[in-house]
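Protein chains in written order, with our numbering: chain L, 27 to 287; chain A, 62 to 352; chain C, 70 to 336.
Think of the hints as simulated: they come from the structure by calculation, not from any bench.
All the given hints hold, so there is nothing to weed out.
Quick look at which bits of chain L chain C covers, simulated, 3 or more residues with Cβ under 8 Å:
#1 72 to 84
#2 179 to 187
#3 213 to 220
#4 234 to 245
#5 272 to 279
Note that the Cβ used here is the ideal one computed from N, Cα and C, for glycine as well.
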Amino acid sequence: MTPLLSARGLTKSYRRQSLLRSHPPRQVLSEINLDIEPGESLAILGRSGSGKSTLIRQLLGLEKPSAGSVHFEGRDLRQLSQAERKEFRRAVQMVFQDSIGAVNPRHKVGRIIAEPLRHLTSLTSEQQKARVAELLSSVGIDPADASKFPGQMSGGQLQRVCIARALATDPRLLVLDEAVSNLDILLQGEIIDLIHTLRQKTGMAVIFITHDLRLVRLLCERVVVLKAGQMVEMSPVDDRLDLTSQEGRALQDAVLPATPR
Amino acid sequence: MTDKTLSSPIRDHGHHGSTWRRLPLVLALTVVVVLLSAALFAPWIAPQDPNLVSLADRLKGPSAAHWLGTDHLGRDILSRLIYGTRMSLGSVILCIALILAIAIPLGGAAGFIGGRLDQGLMRLCDGMMTFPTVVLALFLIGALGTGLVNVIIAIAISHFPFYARMVRSVVMNLRSKDYVLAARVCGAGRTRLFIDHFLPSIAAQMVVLASLDVGHMMLHVSGLSFLGLGVETPTAEWGVMISDARQFVFSQPMLIVLPGLCLLFSVMAANILGDALRDRLDPNNQTGHHH
Amino acid sequence: MLTSDISTPRTLEIRGLSVCATRRGHHIDLVRNLSLTLNTGEILALVGASGSGKSMTCAGAQGVLPPGVISPHGHVLVDGVHLAPRALRGRLVSTVLQNPRSAFNPVRTMFDHACEVRRVAAASPAGDKTAVREAFLEVGLEDADTVMDLYPFEMSGGMLQRVMIALAILSGAPFIFADEPTTDLDLIVQARILDLLSGLVARRGLGMLLVTHDMGVVARLATRVAVMEAGQIVEEAPVADIFHAPRHPATRALVAAHLKLYEGAIA
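Pulled out of the complex, with its shape left as it was, chain L reads as follows:
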């Protein structure tokens, strides 16, 4: 089976410029090889600054890698035709960490969710409206809220709006960039349940980016540990998840106790 998305020798470095001298480029990702199979749920685990977000930006084609390549169903992202590119965008969607920053404050909820429909599908505006209503109720928001502005909704509701937007084109892969860990504990539970239900219903693949091992255990089948831009471990996730790399152990030890000692 061809992997849905794969990275080959993916490397990214950023050039830093200051007024007087040029610094050596800083390498943020080095030689990442990774396959995402259809329907699987993969966690990318790492502390802040480990290159998780950079990796995702490359995988989604939002930045050009310095070396290596990303392939969507075996085709290099750089060589996709216009139509294939649309297909890629329909198939791979993302939910950002900061829901408030991820929606345009000037647009109403309905328009926000319809954005991928406008760009990537040929639905009429009536059909788009119907789809938006359907999506809103599938994430547990009153379809009437489509006429609200983001400023009128809470952070948890907005995160649901972002999930609805990402689901609009029935993606085969959903990337969640720390989309749960910064919510309050009650909302975390709700969003986790929501993602569970959605996966059961649609069978889509999920990439979960997080620093919280508890979420990995709850939601993922496979985990990749990143440290300083390098992949240091890849393990299956089971009940007794035991990470072996030093970084993996450190992240595991940092998990807070469930109950007071």
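Use these hints to put chains A and C onto chain L, whose structure you have.
Frame of chain L; chains A and C shown alone:
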């Protein structure tokens, strides 16, 4: 040492305030409406031909025939003020249109494309911004020649760097926003991205900047006309009127005061509106009251 | 270390605190007639869902409410003596905030910030360098002299949070209000900061009010827990009782949501 309450001052935003606090805004709006209608309907409103010379009636005080009196050539002041509105407002609107036509593509390209283009354009803007706008405008008029059209071009060129920089900073600021990335994930191309997500923010900033600048540009047009570089003498324009009235400053002070007051009120109205617009168009200020 | 006229305070009491937002004429209650007592040597966790009023309690007691929010009632007593918020801040109560990056002035070095805190605490400038070095070392900033000359943008979130804690030490205040001190940090840094805070409270006998939504942090750190819902404290109990015998529905919901994260795990 004992403090019964822990209070912080209640602050409120302008547009929620009482009628009293809204008074300046209401007055400013009234002034703008009056000016706009004066400009649009001048031929119907003005009681007389603004250029009708009647040497028999020169330097008269207010009367039934001439409500605000006449000038040194016996022309009706009220009519000249009304026609002057056309000149002032018209030239300022042209100025702003020209500025936006230059600044949005330049600033947008600098912010979007970045790199050398950005560096080059911004150094050019910085260079131009080091000159006071009047000095730069005078220099350009020296090069282009006098006349209202050249004055408008000169003012536009001396002001556009401020706008271009603003456009660029809005674009740079938005470019790294998650919602712009999200729009790209949603398949928005560059043009759609610009129209859907950048232009509204740019427009909001431009409207505010422009409304704060309207008064200042009016002063420029009038000032340059006063110096004899813009509108030519017989045409009714506030700056020209003030210039013409200089010789009669002691005998007929109203000749200077009236166009001066027109300038003052329009500049103030423009600034008050600009402030109000800035508060209004900031999306962070609008929570929970939309229609 | 203490420079205030009260020698070593034992308790800080918030009494009858109300906080409300005024929006277009009508009031919205954020905190309603709340009272709580914080003793030195303990960590009192103030927990609740977002919007339950935990942060507003913290800000209200210190008189640092955001614009449009007022506190019509309430006072703070230290060892039974009424104190104005101004007399509390930086002298008797120091704060550790959620977002360390926005809490520092971007154009001033860490040393400048430390000196500012020492001026409020009325310490003499002569001892600045030594005292700051000591405090930085205490919070685990091993290269203290280098850190002193750094600007906020040159530091990571974890380092900034350590400096903020060092500033709390430097103020000499016996009470710390920590508002979501580790929410923006990754788990490894979070674990270290929590260790640091608990060590500090134990060593220096401080009293800490810990505002958080993360029951894991509560389990790790707190001695006593107050649960808030809709601006009121609905349950207050020792930490073990909160986890093992929660009484109020709000507490139960929080604990259940928290334990769900550990389902199937050997923690």
